[in-house]
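*Asks:* Next come the chains, spelled out residue by residue.
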Amino acid sequence: MLLLAAVAVLSLALGAKPLSLADVWHGLTDPASPEYAVVHQGRLPRTLLGLAAGAALGVAGAAMQTLTRNPLADPGLLGINAGASAAVATATVLLGVADLDRQVWYALLGAAAVTVAVHAIAGGRQATPARLALAGAALNAALYSYVSAMMLVDSTSLERMRFWTVGSLAGARTDTVPSLLPFVLAGLVIALLVTRPLAALALGDDSARALGARPGLVRGAVVVAVTLLCGAATAACGPIVFVGLLAPHLVRALTGPDPRRLLPWCAVFAPVLLLTADVAGRLLGRPGELQVGLVTAVLGGPLFLHLVRRGRVGRL
Amino acid sequence: MIVLRLPGGLSLRLRPRALVVGLAGTLLALALAVLAVGAGDYPIAPAGVLRVLAGGGSPADRFIVTELRLPRLVTALAVGAALGLAGAVFQSLTRNPLGSPDVLGVTSGAATGALVVVVAGGGSAALAGAAAAGGVATGLLLYALAGRHGVGGHRLVLVGIGVTAILTGVNGWLLTRAPLMDAARAALWITGSLDGRGWANALPVLGALAVLLPAVLLARAPALRLLEMGDDSAAGLGVPVRRVRVAALGSAVLLVSVAAAAAGPVSFLALTAPHLARRLTRAPGPNLLPSAVVGAALLLAADQLAQHAVAGRQLPVGVITGVLGGGYLAWLLAGERGGRR
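In order, the protein sequence lines correspond to chains A and B. Counting in UniProt numbering, the first sequence runs from 1 upward without gaps. Counting in UniProt numbering, the second sequence runs from 1 upward without gaps.
Mixed in with the good hints, there may be bad ones.
[Said to hold, decoys possible] Computed footprint of chain B on chain A; a stretch qualifies when at least three of its residues, placed anywhere within it, have a C-beta under 8 angstroms from a C-beta of chain B:
1) 184-193
2) 276-284
[What the hints assert, rightly or not] Calculated Cβ distances over 10 angstroms to all of chain A for the following chain B residues:
3) G40
4) G129
5) A133
6) Y143
7) L145
8) R155
9) A165
10) A187
11) P204
12) A234
13) V246
14) F268
15) V319
[Stated by the list, open to error] If the Cβ cut is set under 10 angstroms, some of the chain B residues that face chain A in the computed set are:
16) A137
17) W199
18) L305
Please keep in mind that the hints were generated in silico from the structure rather than gathered at the bench. C-beta: ideal position from N, C-alpha, C; glycine also.
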């Protein structure tokens, strides 16, 4: 929690124009101060978006890893973000939907479709981690071909989409988080409500039933939660990979695999990770910035490779 | 089975069914080619196309065929053949039908190389060179990451998926660094496109094919066939496992990179062509030549689809191969359930 607060303050203070702590405080509270505009128009929405999107991706990743017993599960790798991207691209380019309030619905639709499709392709309940990752990679590639076709339709959509497809918090405006929040909150509440039966499910369907859980209902609830979380996060920030992979793995080292502890801590820690990556991108990329999606890919990729090389695949 | 013995101790084994598939594929590709050259805003009848190719025809026909449509078509055939062959070598070496260069990230690496040049504002010769360099570098990285024991099975594929994810992030970022005009050019290129390809694009691929196709077919095909039985058995039969693998992998990476330099990272062709070839020939082993032929025919067909599927708008060919190929891979995975893997 302390860490979260510290990173949030850093995210408010650092950037193209660094502010002192006193400046941040004035900017937050005093409408007359010169920093008020910088903080309220730019950094505050951006930081809040980072908190919401980070929590969403982290919890979604943790829930998926637990449900599928797949250490490689990540909303980005399994194609869910790509599904949301493809739907948003279609809405933006072909239907002219430009505001986030309506884009988020398309994103949810795309995320839901791909969640179901990847699971079905990988073999339903018999899906192995490797097959899930492959099915995700197949859909990822097909969907991104489609997204790039959409980007080529005209140069205004290219201009808008090429920044969005990297994954960035920079587009945050004052109304971004309010329009996102209902979806993220709903997803978080559902995910946190099912942590107890999810823990029972880890013992196998029969034991879970004996413990009073209903496996079908739990699976359904997790799918709904993951769809809400990933769809909303992708609509607002574009596809961000590896946060949902990285955060649960780091948290698990502290809490162990029990979802009752894992999921809540991911909701706290994943935003720390995402905001740190965002701040790092702002500092490293000066005078411009590195988009947060690139930073997470470059950080998370090696962890993924490490997991594969250690042969941890299939053991969770 | 027919065995051709060539001077120098080299031999070429031919299966009748594979031979028929190869010939039929070649004929199909050629017929498609004649139709393709004739199709467009200025249609030319197949007879007219053949007349031009024989050295006759009206000056207008000659110009359109030899300067505009033929180079594009030859590029398509050469790139398709290179990707098909490379895919067959990759799948044979990894003993995994999914071990194709695009799943493994070699094509993404080639794209990274090319995008660096676009952002730096280089010309098309530098772009081709950088694409090749990027592909080769990614190949080396994969080889290093997969480790000594990791070339077979799903592990290399998973490593490849990780590498692809990182490179996709880097590529997207590079795309944001370029000025809008260059970004549009790069976005088109990164999707895989044959628009406006001239002889300058076709010749490097043809050259690479001319050198590497016989090299892979004659020198490596028998060893590759033995390698599919496992490293130990192959070594027991006197195959220099390490050398064969490095040489074959190197040739395949080069082919992919040269193809990407000419047409961009056309996705899924290297995956799909060997699969279709194997289904057609029903032959075990790498199916190298049929894969190359099927690859050429596929890319040509995809490019025709891309040009004429949507009236009044040309799609880049990579969109067609990406969407169809991704669907094919998904279908393949779904069908694999309960099967061998």
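*Asks:* Of the numbered hints stated previously, which ones are contradicted by the structure, given in increasing order?
*Replies:* Hints 1, 2, 7, 8, 9, 10, 14, 15, 16, 17 and 18 not satisfied by this model.
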